[in-house]
Amino acid sequence: MPQAIPLPSDLSPATVANTASLLRIIALSLISGAAIASRLFAVINFESIIHEFDPWFNYRATRVLASKGFYEFWNWFDPTAWYPLGRVVGGTVYPGLMATSGVIYYGLRALNLPVDIRNICVLLAPGFSALTAWATYMFTKEMKDESAGLLAAAFIGIVPGYISRSVAGSYDNEAIAIFLLMFTFFCWIKALKLGSALFGTVAAVFYFYMVAAWGGYVFITNMIPLHALVLILMGRFTSRLYVAYSSWYVIGTLASMQVPFVGFQPVSTSEHMAALGVFGLLQIVAFTQLVRSHVSSKQFQDILFVALVSAGVLGVAAFVGLTYKGTIAPWTGRFYSLWDTGYAKKYIPIIASVSEHQPTAWPSFFMDLQFLIFLFPAGVIMCFHQLRDEHVFVIIYAVMASYFAGVMVRLMLTLTPVVCVAAAVAFSSLLDTYLDAHEPEPEASATDSAASVDTGKKPKKEKAATGSALADLVAAATPTKKGDAPKFKGVYGTDTRFMIVMNAIAMLSFFVFHCTWATANAYSSPSVVLASQNQDGSQHIIDDFREAYYWLRQNTPETAVVMSWWDYGYQIAGMADRPTLVDNNTWNNTHIATVGKAMSSSEEVAYPILRKHDVDYVLVIFGGLLGYSGDDINKFLWMVRIAQGVWPEEIQEPNYFTPQGEYRVDSMASNAMKNSLMYKMSYYRFSELFGGGQAVDRVRNQQLPKEGPTLDVLDEAYTTENWIVRIYQVRKEDLLGRDLKSANAFAKGKKRKRSKPASRRRALSAAAST
Amino acid sequence: MLHAKSSLHSPLPAAATIKLDTASFELLTSPTRDWSASIQLTALDPRRRCNPCKEFSPSWNAVAKAWSKTSKQHRDTHFFATLDFDDGQAVFQQLGLASAPVVYAYPAAEGSRSTGKTAPSTYDFSHGFEAGPLAQHLSRHTPIPIPYTAPFDWARWTTTAAGVLANRWTWAVVSILTSLVMTSGYMFTRIRNSPFMGGDGSWIAGGFQNQYGQEVQVISLVYGTLGFAFIMLTLVIPYQSSSQRQRFQVYLWTAVIAMVYSILVVLFKAKNRGYPFRLLL
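Protein chains in written order, with the numbering used here: chain A, 1 to 770; chain B, 771 to 1051.
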C-alpha cells in the first residue's frame, strides 16, 4: 500500500506502544494542569474567597465539620436559620461535599500539612475538575479509543459549560458531582461490557457517593434504567446486562438509603420508580430466558405471553394503587416542572423565581460549548453508525440532556459531559481518517472523472459531487452486505490531509481562546465582590457586600435577627453570623411568603409582621446608584408573586404596575409600589444624594421624584459605600403607646391629624418646600 | 307485484345480499320488473369444492354491504342477491351454466330506469376476484355509483411501521433533530412564548438572554450543516474511489465549514456584543 507521508518503519511495536502510553500520561497530566489553572482566574483576579450564595452555606457547614467533627455535624441543629423555626442541618443536607473537604482536611493534617479549611473549600472544585477530565477520558475510551478519550478529557477540562460551576471558590455540590456522574457512568458501561459484578458494585459505590453529594443523582437513577430498558426493547438482553444492572441497583439503592436526606425515597417516590420497575422487568426477562431453555417453544410462547401480561398488569396496578394510597409520592414539583414547563410558574413561583431555573436561549449554548455544540450531532451519528450497547447509552444521554438543558440553564451542566464525549468521538474519527498515512491504490477510472471534473461547469460540478456524495452516504450508512457496498478506501494525497489538519488545529485553537475568554470574563466573578474598570482601565473592586456583613458582625448583638430576601440568607449567616428569617434552602414556602409580604406591604401592615418575628434589622440590596441590576427592586415582583400565592386577597401583583401595565419606580409608580416597604427602603433619602439635581435610578433608567419616601417604623442603620446594601433597624414600640407614625410626626413637631392622615404628607412637603 | 316487492326487500337490512331459490329468482328477474338487480350465482357448499366461489364471496358481500348503506330511495331500486347451486339447480340448468361463480346484472325492464335492454350482462372475471373492479363494473347498472372504498390495509401498514421503527436511521434522524432543535433554544421560545420574529421585522432578538422563534430554525440549520459537513468528511469521503473527486469534496466541505462557522460567530456577536473574536467574516 502506498503512503502519503513517509513513516519510520524500523520501530518495534513494543516501542510504539510504550511511547504512546507515555505520551498519553503526559497529555492527561497536562490536561489536568490546564483544567485546574483555567479555574484560578477567580483567585488571581480577586482573592481566595467563597463565591455566590449556596457555597457560603456549604462553607459554613464544612467549618462546623472541621472544627467539631463528623458526629457533631451529623446532629447539627441550626437555631439561627429560619428564625424562629431553626433547621435540622444534618438531616436536610447532601453531606458528600462537606465530608470530602473534611477528609482532605484531616488527611492533610495527618501529614502535618496544616491547610486552612477555606483554601481547601476554594480549591476543591478545580481539583475535582482534573478528576472529571480523567473520568471522561475513561468513559470515552470505552466509546471509541484512547485518542478520543484524550480529546474528550481536554474538552471537558476547559469547556465553559463546566467551568461555570467549578471555578475556584464555587464550593457547591456540582463541584464534585460531575466527576461522580462521569465515573459512575464509566463503571456502568464497564460492568455492562464485561458482565462484571465487581464493576457493577463500584458503580453502586460511586452512585452512593453521588447521592450523598448532589440532588441531581436522580439523573443517574433514571439514565441507567432507561439504558437497560432500551437495550431490552432492542432485543439485546444478555446475562451481562442482568448482572450489571442487578448488582448496581441492589447495592446502589440500599447504599443510597443510608443518606438521611434521601431515606426511603428510593422505594416511595415516583422519581425512583423507573429503576425499580426495570429491575423487576429484568428479573422477568431473565426468568423467561431460563424457562425457554427448558421447555418447548410452543409452550414457551404461551407461558411468555401469560407471564408478561400478568406481570405488566400487576406491576401497573400496584404502582397506581400505591400512588393512589399515597405510599408512592407523585413526582415532586421540582422534577415535574421539567416536563410540564408551565407548572412551576403557576404553582411554585419560588422554583420559577430562581435565575438558574430559567430556560436557555441559544447564545448560552454556544457560549458554554462553542464548536462542540455542532460536533455533537455528528458524534451522535457516529454512535448510531456503530451502535454497540455503550453507544446506545450516549445516544439516550444526548437526547435527554439536550432537552433538560433547554428547559433549565443549570442543567447545561449535565449536557456538557455528553457533548464533550460525542464531539470527541466525531473529532477523533475525523483525525483518525486524515492522519492515517496509508493511501489507497489509484484506480484507472480516476483519470476519467478527473477529466470530466476539470472540463465541467462549476454549478454542475458541485451538484454532481454532492449528489454522488449523498449516494455514498447512504451506502456508507447502511450496514454493509458483502461485496456490493463500497469499500473503505482512505484518503488520497497530502494536500487534503494538510487541509483537514490545519482546519482542525484552527478550530481547536479558537476553542481554547474562546474558553479562556469566557472563563476570565463571564464565569470567574465571585458575585460577593464586584469589579469595575476605572477610567484608566485599572480594576476597581466594589466590596459593598462584605462591608455590610462585617458591619452587622461588628455592630449588632449576636442574637439580632436580620430579615432580607432569601437570596442573601446564606451570606448573612456565613459572613455576618446573624440569625436570618429565610435563606437559600427555600424549604418553607410560607415563611418566605411572609418575608415577601412584609417587603411588599405598607409600613402599617409590615410592622406587626416584623415585630412578631423579632426582626431587629432589615437588609435590602439596592443597585440604583451604581447600576447593579441584580438588586431587590428587580426581584421585587417575585416577592409579590410568592406572597400572593399565600395571601391572594392582600397582595395582588397588578397593583404594583401602573395602569398602563408598566413597572415603574418614578413619580408615575403605583400607590402600592410607593407605599411598599421595599420601595421605601430602597429609595429612602436617595434624592438627597444628588444635591438639588434630578435623582436617577441607573438600573431602571427612571427619574425619581424630588421628595423621597419617608419611613416611620424603621431607622436607617447603615448604607454601604456604593449604596448596594442598605440596613435598617426596626424601631421598638413607642414607649407612650402611640403608633409610630404619630410619634414620628410629633417628634418632628407636627400635629396629629387623626381624621385626615393622607393630608399629612402634603403638609410635610409644603413645609419642606418653604 | 307490490306485495312481492315488499317481501323481497324486507330482509335487506339484515343481510346486504338476498338469498334466492328458484322461485324468488324468477320473481326477481321477472320481465316486468321496474328495478335492477345484481345476482351472484355460486356454489358455496363445501361438497361442491368450488374454491373460486369461496374466494369471490367476501368481495361480493363487501360490495353488497357498501350498497346497503346508500339511502333508502336508491337502495330500493337495485338489489344484490345470491343464488346458491344447491338452492336453484333448475336456474343453473336453465341458464346453461357449467361453472361458478357467475355475476349477472339485470337492468330494469320497465319504469323510468328502463333502457330498453332486458337481457342480463355478465361480469368478466378477468380483473380477478377483487371487490374494487366489481363495484366499478356494477356501478354502471345502479342508479348511483356504489360507495365502495377498499378497507384499510392494517397488515401492510404494521409491517412498514415496524420496519421503519426497527431501522436505526429513523431513530438517528429523530434523535439528531431533537437535540438540534433543543440546543437552538426551542424550549426557550416555548416557555417564554417568544414571537416568531420581532415587531419591526427583525428576526434576531437583541440581548444574550433572549431570542425569537425564527432563530431556532436558523441556528439549528447552521448546526446541522456544520455537523453534516463533518459526517461527510469522516464517513463518506474516504469511500470515494476517484482521487480527484475526493480532493474536490475535501476542499468543498472544508470551505463549507469555514464559511458557516464564520456566519455562526457573526450571529453570536450580534447577540453578545462584547465577544472579541471573529473568523473570516
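By construction, these hints were calculated from the structure, which means they are not laboratory data.
Take the hints with a grain of salt, since some may be wrong.
Pairwise CB distance ranges (calculated) [what the hints assert, rightly or not]:
{"no.": "1", "chain 1": "B", "residue 1": "1036", "chain 2": "A", "residue 2": "270", "range": "14 to 20 Å"}
{"no.": "2", "chain 1": "A", "residue 1": "308", "chain 2": "B", "residue 2": "926", "range": "45 to 51 Å"}
{"no.": "3", "chain 1": "B", "residue 1": "1047", "chain 2": "A", "residue 2": "536", "range": "23 to 29 Å"}
{"no.": "4", "chain 1": "B", "residue 1": "843", "chain 2": "A", "residue 2": "230", "range": "21 to 27 Å"}
{"no.": "5", "chain 1": "B", "residue 1": "865", "chain 2": "A", "residue 2": "296", "range": "40 to 46 Å"}
{"no.": "6", "chain 1": "A", "residue 1": "30", "chain 2": "B", "residue 2": "926", "range": "55 to 61 Å"}
{"no.": "7", "chain 1": "B", "residue 1": "940", "chain 2": "A", "residue 2": "308", "range": "54 to 60 Å"}
{"no.": "8", "chain 1": "A", "residue 1": "7", "chain 2": "B", "residue 2": "940", "range": "40 to 46 Å"}
{"no.": "9", "chain 1": "B", "residue 1": "934", "chain 2": "A", "residue 2": "587", "range": "46 to 52 Å"}
Backbone N, C-alpha and C define an ideal beta-carbon position, used for all residues, glycine too.
Cross-check of the supplied hints:
1. 1036(B) to 270(A): 14 to 20 Å: Given range 14 to 20 Å: violated, Cβ gap about 46 Å.
2. 308(A) to 926(B): 45 to 51 Å: 27 Å, violated
3. 1047(B) to 536(A): 23 to 29 Å: 25 Å, holds
4. 843(B) to 230(A): 21 to 27 Å: 59 Å, violated
5. 865(B) to 296(A): 40 to 46 Å: 55 Å, violated
6. 30(A) to 926(B): 55 to 61 Å: Once the Cβ atoms are compared, 60 Å apart, the range 55 to 61 Å for residue 926(B) and residue 30(A) holds.
7. 940(B) to 308(A): 54 to 60 Å: 25 Å, violated
8. 7(A) to 940(B): 40 to 46 Å: At 42 Å between Cβs, range holds.
9. 934(B) to 587(A): 46 to 52 Å: Cβ of residue 934(B) to Cβ of residue 587(A): about 48 Å, so the range 46 to 52 Å holds.
Violated hints, listed in ascending order, are 1, 2, 4, 5 and 7; each of the other numbered hints is respected by the structure.
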